[in-house]
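Q: My request is simple: use the sequences and hints to build the entire structure.
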Amino acid sequence: MNVSDKKDFTVVNHSVEKIDALALACGTSQFTDDVDIRGMLVGRLLYSPHAHARIKRIDTRAAKAVPGVLAVLTHEDLPKVRLTTAGQGYPEPSPYDTFVLSEKARYVGDRVAAVAAETAEAAEEALSKIKVDYEVLPAVFDTMEAMKEGAPVIHDETDSKNIPDAGHNICAKFDFEVKESEWFSEADVVIDQWYKTQWAQHCALEPHVAITYIDGDGRLVIRTSTQVPFHCRRITAKALQISVKSIRVIKPRIGGGFGSKQEVLLEPVAAALTLATRRPVKIEFTRKETFISSRTRHPFVIRLKTGVRKDGAITDAHMEVYCDNGAYGAHCLTVMMCSGSHTLPMYQAKNSRFLGRSVYTNLPVGGAYRGFGATQGFFAWESQMDMMAEKIGMDPVEFRRKNYIRSGEGSPVFKAMGEGREGIEQKIGSCGMDACIDKGMAAFKWHERRERNRHQTGVKRRGLGCACLMQGSGIPEVDMAAASIKMNEDGSFNLHMGATDLGTGSDTVLAQIAAEVLGVTVKDIIVLSSDTDLTPFDVGAYASSTTFISGNAVKKAALHCREQIVKVAAKILDVRAEEVDLKDGKAVAGGRSCPLSEVANTAFYYHDQHQIMGMASHIAQSSPPPFAAHFTEVEVDTETGQVSVLDYVATVDCGTAINPTLAEGQNDGAVLNGLSYALCEEMNFSPSGAMTNASFRDYKIYTSGDAPPFKTILIPTYEADGPFGAKSVSEIGINGPQPAIANAVYDAVGVRLFEPPFTPEKVLKALKAKR
Amino acid sequence: MTKTKGRGSVKAVDGLIDIVVEINGKDRKLKVAPGEYLLDALRREGYKGAKKGCDNGDCGTCTILLDEKPALSCMMFAAQAHGRRIVTIEGLGTTDRPHPIQQAFAETGAVQCGFCIPGMILVTKALLDENPDPDERQARRALDGNLCRCTGYVKQVSAVLLSAKKLKSSKKGAKP
Amino acid sequence: MKNNIRQFCFPASAKEASSLMARLGPKAVVVAGGTRHTRMISPSVETVIDISDLPLRRIKADAKGLSIGALCTIDSLEKSPLLAKWADGVIAKTAGLGSNALARAMGTVGGNVVRPHPYNNLPAVFLALDAKAVFTDGKGEKSIPFADMIAGENMLRFGHKYLLTELRIPAATKGWSAAAECLSLTKSSWSSYAQVAVALDLKGGLIRQAAIAISAVIPKAARMAKAEALLAGKPAGEEAAREAATAVVTELETLTAGAASRAYGREMAGVLTRRALMTAFGSRP
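Residue numbers (this note's numbering), protein chains in the order written: chain A, 1 to 771; chain B, 1 to 176; chain C, 1 to 285.
Don't read these hints as lab results, they were simulated from the structure.
If you're wondering where the values come from, they're calculated on a predicted model, not measured in any experiment.
We treat Cβ as the ideally placed atom computed from N, Cα and C, and that holds for glycine.
Watch out, some of these pointers could steer you wrong.
Computed footprint of chain B on chain A; a stretch qualifies when at least three of its residues, placed anywhere within it, have a C-beta under 8 Å from a C-beta of chain B [to be verified]: (1) 21-27; (2) 248-256; (3) 497-505; (4) 580-591; (5) 655-664; (6) 694-706.
Far from chain C by the CB rule (all over 12 Å, computed), these chain A residues [to be verified]: (7) D215; (8) R309; (9) E320; (10) H447; (11) D608; (12) M613.
A: In structure tokens:
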């Protein structure tokens, strides 16, 4: 019985209830901050008010004298170790350019000092009494200006590593070219266009929070809202120059991350305060702090110059991207590269070139954010696809259909561009793009709507737009995940894995995979994830990797466990092992069966006594892209510039949806975040670089009342490399709304928008410029 | 406890104020700091279901029911709750005996990270107490003070509608 | 945590509240709905006067007009059957504009109007309906035009001495044609680019009297006297609406000193004025 390839699922591909849903709905699930620890101190951070300043002296004496204050730390108190806060696989492909507490202020919000005190009030008072002598330096806030000769050099220190050109504020660069003929020699039409995307924030509802303490055995415990427990352990150990084995990282329930918690931000500071005071310490970002001092979505300046033949073949693609990384280089190479590596293979041109630069400016730091560069890249690409289609007189949907990458096809880009290094050769396995387009158009009534919109008059005009998308599923030959499964005497199993559920439902999805293999229900799987002392390694939740990579690890571990069960069951049932199947909590062979509890008890107490336990690791050789097609209709008020989304349909091919309801939820969330990013989200800065809208009142994210009607449609395919045919789903949806809406606005009023967000004021300006 | 009549005044003695407040059906005597916000006091007292998402009245994760109406506990001083009736998510149901609204949110897939969910469930309770049969638009509007970044609100709106259905059928079932 | 606070008072009557206010002066602050102010209390305040027990939550109508208690929540305005029928339901509609369900459930009419802030959505509609603000200082009632209250330079101080108890709207406005328009980044935005309320005494297609109030684009809501004068006596129609809209933009130029950052808001106030007028013109057969 080959369980591996089975397609008649009993648990997988079923919308079982999320295993932690009810406890969360009853308020009993514990998030990081939902514990009371006796004697816990309050940790607070002091931020630079200057965008660029040399710190000449910090006087902490008055702060230390405040009653109730137990520690005041600055960079002078910590090991002089440059690191990256990016929670990536080791060695991280980001520059080592950051101190836990900065020796030079590089943006408003840079961390200058940390305080631990008995009360929040004492901590606040101490912060106000730290005297920092700043020498204010000229600052640079513009991506393109920052690279020019004579611009202020943000990283002028000599001990940072892996900065390709600090003198020009370039923190990462990557060039790639594949050329089959002379550039633009075969093109009938050439379009050369610049795009510019905005600063945005993740806005996970739970702000970052870390609690640190020393346990009874003298080890440092870090209880934290992280997407990357194992990277967090490694980076904290390095930052504080302590051993990895002296640290335990625990990830409780997490209130969303979207990439912002893939950064190791609070843990080393809290840990340093705990080591200094030998007391438990909690540092919790306020909402304002998450805006000014956590991480952001990198704004991009993109130049896309493409050539297309009249028959619809794309001949040339020259993509030039400038990724604004803010003050530090977190994820600077990888996000920049993903803007090309996830877009260029989608419509393979004969000549293809990518020139990427990531740039330091004196603004908040970019980081991983759902979509990871592909979002910015697809805004340019999918806008340009419509422009090309128009120029050659082809229907925009058919133009895409003609060009997208098919199953069995590869791309030189896959090999040339990985994440921060060379990629891998790969051919597309499953691809449901055709069905995504067909089913999406049908559900959206694309043609009917097009007809209806044909003759419009009046102030409010409607238009249609679409976008086709892909992403990846994990980082091949880099990301590793492991899991172990231990059988209990009642036929239940402990599933231990490093995979990190940050609200995504991965604990449930991975339990489903284990249950499918073991012939039990999800209720028989007791999940423990993300505790560096208790669970095997996993890189963590990022790069759309959990279902695909951790899922494969869990599947293998379950198969390993199953082999052992089958062996024991064969003895009990007196049959050959090959005859045994696991079903409904029983081992069955022909007409005979025994409950799994009997198998476990036999192994525990009677025969060839041993613990039935499976263990496996997985590293992927491919990163099968999920595909998606999005369709939208907007209405543009030509007197106010307001763009209203009337309807939105997002189809997605994620292979087998292990849990369709959760997969829909992932896509719904990504799409709504994308809609909000397209129309209203933007971090604004004062002329001196301070964020001016650092609250939910002023930085708008969509509410249920703002959300337009929209619908996710899952398009089933079967990905041979994925666990039970699954690919990723969590990120792709965010890439669509910005270009789809921009295209729809053009369809409605003939105005092209190249600089999101498409606020009424901006759209009206564009309308006027056209008149 | 009578609702809001003649609560008089409360004063700090040695830096703390004694208040009496009904929480989840039980009278509780609490000592609170005068300048302390209700959310902080509730969390300190163990009602961890009320969350701190912004501490500025903008996100709805700290929502409680105050005399049956939804209220942002981060925007009230703890002492203002003196003499009033509070319901937190812990007062609605438990995992053993969940409230139909809690069940509905779990069943529809409305719970992703779950940080916003206690607030949404309490808002739903208040909505359905007032309007047992809301339409989709009313459900959507009732939730528009509770931010969520995970779900897109699609399944949460369904959860409100399913909650209404569940409550109606449980009421019908209760009749002799 | 606010460390300056020492005590909380829960007066049961307006009289009790205002005498507390008079006695404690700037050392006390009045809190009603608490959607904003509890986070902005000044360090000199020692007493919080929580007025949520005061019996000021009624909406009623009689021969003299409409009375709205200062402690009515925003959502109670939105849901009031009485308000739904008053002046084309413009107060109820305005109450439903902007912010979110929790703010509407907690926020009160008083809180929305006593402190000038461009966030507030109700002042414009009360201005347009010629409302009167009723205060008590514990000894007696005092009623002043709502417009005077808004224009008053130091309402906060005024609020310390006098307690706003209700808003009265003249009976004559019940049958007026009225409309409100608002343009914001998103539906749930607290702040808007511009907000407009218009109320018209229409008879036989003629505008006998017009009120236009603008907010959001200016720090405090204001009536647009020139545009109103222009409409008086004119036939209701597209032309009148356009002229009034232009007049509004011109008047706002003066009020905002031509600030470039306000140009979009001014222009939108014009667009919204025209739209609101057209809606109001069309609201009666």
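Q: Now tell me, hint by hint, if it's right for this structure.
A: To see whether the hints hold, each was checked on the structure:
1. 21-27: holds (count 7)
2. 248-256: holds (count 4)
3. 497-505: holds (count 4)
4. 580-591: violated (count 0)
5. 655-664: holds (count 3)
6. 694-706: holds (count 8)
7. D215: Holds, because the least Cβ-Cβ distance between D215/A and chain C comes to about 30 Å, which exceeds 12 Å.
8. R309: Per Cβ check, R309/A is outside 12 Å of chain C; nearest 42 Å; holds.
9. E320: holds (31 Å)
10. H447: holds (30 Å)
11. D608: holds (62 Å)
12. M613: holds (50 Å)
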